[in-house]
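Following the hints, position chain B with the ligands against chain A.
Protein chains: 2
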Amino acid sequence: MSITILGGGGFLGLKLARRLARDGQVGGRPVEALTLFDLRPPPAPEGAPFPVRSLGGDVSDPAAVAEAVQPGTRVVVHLAAVVSAQAEADFDLGLKVNLHGTLAVLSACRALPSPPRVVFTSSVASFGGGQGAVLPDDARQVPENSYGAQKAMGELLLADASRRGMVDAVSIRLPTVTVRPGRPNKAASSFVSAILREPLLGLPAELPVGEDFAVWICSPRRAVEWLLHAMGMDTAGMGADRGVNPPGMSAKVGDMLAALERVAGPAARALVRRAPDPAVAAIVGGWPAAFTAERARARLGFSEQEPLDELVRAFVEDDLEETRRDRGL
Amino acid sequence: MSITILGGGGFLGLKLARRLARDGQVGGRPVEALTLFDLRPPPAPEGAPFPVRSLGGDVSDPAAVAEAVQPGTRVVVHLAAVVSAQAEADFDLGLKVNLHGTLAVLSACRALPSPPRVVFTSSVASFGGGQGAVLPDDARQVPENSYGAQKAMGELLLADASRRGMVDAVSIRLPTVTVRPGRPNKAASSFVSAILREPLLGLPAELPVGEDFAVWICSPRRAVEWLLHAMGMDTAGMGADRGVNPPGMSAKVGDMLAALERVAGPAARALVRRAPDPAVAAIVGGWPAAFTAERARARLGFSEQEPLDELVRAFVEDDLEETRRDRGL
Ligand SMILES: NC(=O)c1ccc[n+]([C@@H]2O[C@H](COP(=O)([O-])OP(=O)(O)OC[C@H]3O[C@@H](n4cnc5c(N)ncnc54)[C@H](O)[C@@H]3O)[C@@H](O)[C@H]2O)c1
Ligand SMILES: NC(=O)c1ccc[n+]([C@@H]2O[C@H](COP(=O)([O-])OP(=O)(O)OC[C@H]3O[C@@H](n4cnc5c(N)ncnc54)[C@H](O)[C@@H]3O)[C@@H](O)[C@H]2O)c1
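Chains A and B, in that order, give the protein sequences.
Residue numbers for the first sequence follow the working numbering, so the first one is 311 and each next one is one higher.
Residue numbers for the second sequence follow the working numbering, so the first one is 311 and each next one is one higher.
Okay, chain A solo, but in the shape it has when bound (with noise of 0.2 Å):
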């Protein structure tokens, strides 16, 4: 089976990447081949067992795509995007990146011999809701930031195509994914992993929200189970509809900070000091808090959130040293 990652050399596609060379399969089938696509060529993991080309271009020219995914593709993860706040900052590169690059993945998807499966990965930001809501799986998006109303587009035309047998699509609607390493950012949820990430680091970290507030996360190793999960799975009983609502964790920030102290210590706890910030919780706060999840749980066969000292444990084993390092510390 041969596999793309386009916006391989993110954060997810990274982890992805190496996961599969580990692995050497996906659900009980070898992987032969892996193109790694990102505006700079990826690094290629350590050890694959199977032969890994590593390219860089724009998401949204279509050439460079139909390279990223030549015939004999049977997978293409599309995990390229310009995420929330850089798409709110400027709507052209957004759009440019977010929809035209999707429509230029379904370019080269249709130019292959046979239907690729594709993975898109769509996020809770195209939904409304917040903090009291609890969505089921027919919740209408009603995106209120420009990211989260790119990506319900390119859900839908996904859907469509799939339905016309150009691809055969799973979109996941990604919780915020927690914990994320590297620095903190101007994203409004920034704050929903460096409050567990800076304080194992040893490092300070402001909370812009009450100790209530409630957010709808999964952890990076979750993330890339769906992703391996939506890889292999049947859609055959999906029908029309293409998305997903996988089955994420809505985590109270006292809860994750109770979880930090039992992993790290209250000293580790003791470094998040409460700084109310109204404009980040209004933000953060427009988004949904929880989801039912029960088609992507009982019906779609999507794995259960890890409990939350798991998720801090995880960083720890997977990603401290490495973000250590990063960062010169």
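These aren't lab readings, by the way, just hints derived from the structure by calculation.
Careful, some of the hints might be misleading.
In silico EDC-like cross-links for lysine to aspartate or glutamate, where the CA-CA straight-line distance does not exceed 20 Å [to be verified]:
| no. | chain 1 | residue 1 | chain 2 | residue 2 |
| --- | --- | --- | --- | --- |
| 1 | A | Lys-325 | A | Asp-587 |
| 2 | A | Lys-562 | A | Glu-508 |
| 3 | B | Lys-325 | B | Glu-614 |
| 4 | A | Lys-406 | B | Glu-508 |
| 5 | A | Lys-496 | A | Asp-636 |
| 6 | A | Lys-325 | A | Glu-614 |
| 7 | A | Lys-496 | A | Asp-587 |
| 8 | B | Lys-562 | B | Glu-508 |
| 9 | B | Lys-325 | B | Glu-631 |
| 10 | B | Lys-406 | A | Asp-371 |
| 11 | B | Lys-406 | A | Asp-587 |
| 12 | A | Lys-406 | B | Asp-402 |
Examples of chain B residues toward chain A, derived with CB under 10 Å [unchecked claim]:
| no. | residue |
| --- | --- |
| 13 | Leu-413 |
| 14 | Val-452 |
| 15 | Pro-453 |
| 16 | Gln-460 |
| 17 | Leu-467 |
| 18 | Ala-471 |
| 19 | Gly-549 |
None of the values given here were measured: they were computed from a predicted structure.
Here a beta-carbon is modelled for each residue, glycine too, at the ideal position from N, C-alpha and C.
Then chain B with the ligands, alone, in the frame of chain A:
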């Protein structure tokens, strides 16, 4: 107030232009200029008390649309579309006109000194549901046809652009507009108008579904009223949700035929022959047959569909002669 109608040479565009020429105003504000744009320059309505420009061009060509949406334009009515059967037969044409066309409309609007009202015509075909369904206002759009998917994408784009203050959009999800003048065509919904229009012309018509089959319809008069309302209404209360399910009518085919008989006599009714067509029943049977349309009625001021007898008589008054002439009858 300066107005542009894109797709101004089509069924509803021509009717709207005539109505503007007759009224000379919208929502109490005088029309100062009208631009009609379509693949070929549309005919100017007779007796307009304002200048009319007629332009030919492709709505997916940003330069052509920019020419049609000049500085000073306050309202853009975007009707240009490849309709359902054609968008299903030619996926690329549908994407070009229905998606890239709407992108070009947005580009042209962003070049204006202040954000114009954009009235976009989405469709009942952007929903699934079927005969049993009564769709609430927050029903999710899971289209089962490319036209509906492309319309839903256009809605997302224009809602986001409205949130950003680039345009001020209202997207009306029109029911099947009945009675449509002209000839029977290959659209699966063609019979909905044909079973009234053909007998009124003295011609036979075939009914592919049973008399209990229900359809969500509105008259051309009502569709034009809704467009006029959307051109002038206050959008302040709409929030992020710029989509409107207008108060159409869920009509059983048997009730439509009874109205035909009341208006035109049993001889007209007798021209309709039952000719079951499971393929047509399957397609049209997937569209929702009813909506609650609460928000449009109670909060947004959209007017009610008139009763069926009036819908039939309106065709006789407004369109029968012209249809006869156009078809050489
Ligand atoms: N991480 C999350 O919390 C989260 C939540 C919901 C959805 N998602 C989605 O999951 C996917 C992966 O997320 P991530 O956290 O790994 O994001 P990321 O930003 O780390 O990775 C995205 C990659 O896309 C690449 N990219 C951007 N523009 C490109 C272009 N024009 N051409 C080619 N490549 C381009 C970037 O260089 C980056 O490597 C994205 O689609 C994201 O929108 C992520
Ligand atoms: N009539 C209905 O039952 C109905 C129902 C739901 C939605 N709608 C929507 O309402 C709008 C008007 O409907 P209508 O019945 O008047 O349709 P119509 O087909 O009569 O008119 C559409 C017009 O768009 C023009 N057009 C097509 N491609 C174009 C292009 N590339 N560039 C410029 N113009 C182009 C056509 O020439 C035509 O004149 C459409 O957007 C349609 O999708 C109609």
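Hint-by-hint comparison with the structure:
The suggested pairing of Lys-325(A) with Asp-587(A) is violated, with an alpha-carbon distance near 32 Å, which exceeds 20 Å. Straight-line distance between C-alpha atoms of Lys-562(A) and Glu-508(A) comes to about 18 Å, which keeps the hinted pair within the 20 Å bound. Using a Cα cut-off of 20 Å, the hinted pair Lys-325(B) and Glu-614(B) holds, with the two alpha carbons roughly 19 Å apart. Among the hinted pairs, Lys-406(A) with Glu-508(B) is inconsistent with the structure: their alpha-carbon atoms are about 47 Å apart, more than 20 Å.
For a cut-off of 20 Å, the pair hint linking Lys-496(A) to Asp-636(A) stands: about 19 Å separates their Cα positions. Only pairs whose Cα atoms come within 20 Å are accepted, and Lys-325(A) paired with Glu-614(A) is accepted, the gap being roughly 19 Å. Pair hint Lys-496(A) plus Asp-587(A) holds up; C-alpha atoms about 13 Å apart against a cutoff of 20 Å. Under the criterion of a C-alpha separation no larger than 20 Å, the hint pairing Lys-562(B) with Glu-508(B) is consistent with the structure, at around 18 Å.
Proximity of Lys-325(B) to Glu-631(B) is assessed by CA-CA distance (about 15 Å); at most 20 Å being required, the pair is judged to hold. With a C-alpha separation of about 17 Å, the suggested pair Lys-406(B) and Asp-371(A) falls inside the 20 Å cut-off, and the hint holds. The straight-line distance between the Cα atoms of Lys-406(B) and Asp-587(A) is roughly 44 Å, outside the 20 Å bound, and the hint therefore fails. Of the pairs offered as hints, the one joining Lys-406(A) and Asp-402(B) holds, with about 19 Å between alpha carbons and a cut-off of 20 Å not exceeded.
The interface hint given for Leu-413(B) is met, as the beta carbon of that residue sits about 8 Å from the closest beta carbon of chain A, less than 10 Å. Taking 10 Å as the C-beta cut-off, the interface hint given for Val-452(B) holds, the closest approach to chain A being about 5 Å. A hinted interface residue such as Pro-453(B) counts as satisfied when its beta carbon comes closer than 10 Å to some beta carbon of chain A; here the least separation is about 7 Å, so the hint holds. Taking 10 Å as the C-beta cut-off, the interface hint given for Gln-460(B) holds, the closest approach to chain A being about 8 Å.
Below 10 Å, beta-carbon pairs count as interface contacts, and Leu-467(B) has one with chain A at about 7 Å; its hint therefore holds. With a least beta-carbon distance of about 8 Å to chain A, the hint placing Ala-471(B) at the interface is held under the 10 Å criterion. Of the supplied interface hints, the one on Gly-549(B) holds, with its beta-carbon coming within about 9 Å of a beta-carbon of chain A, less than 10 Å.
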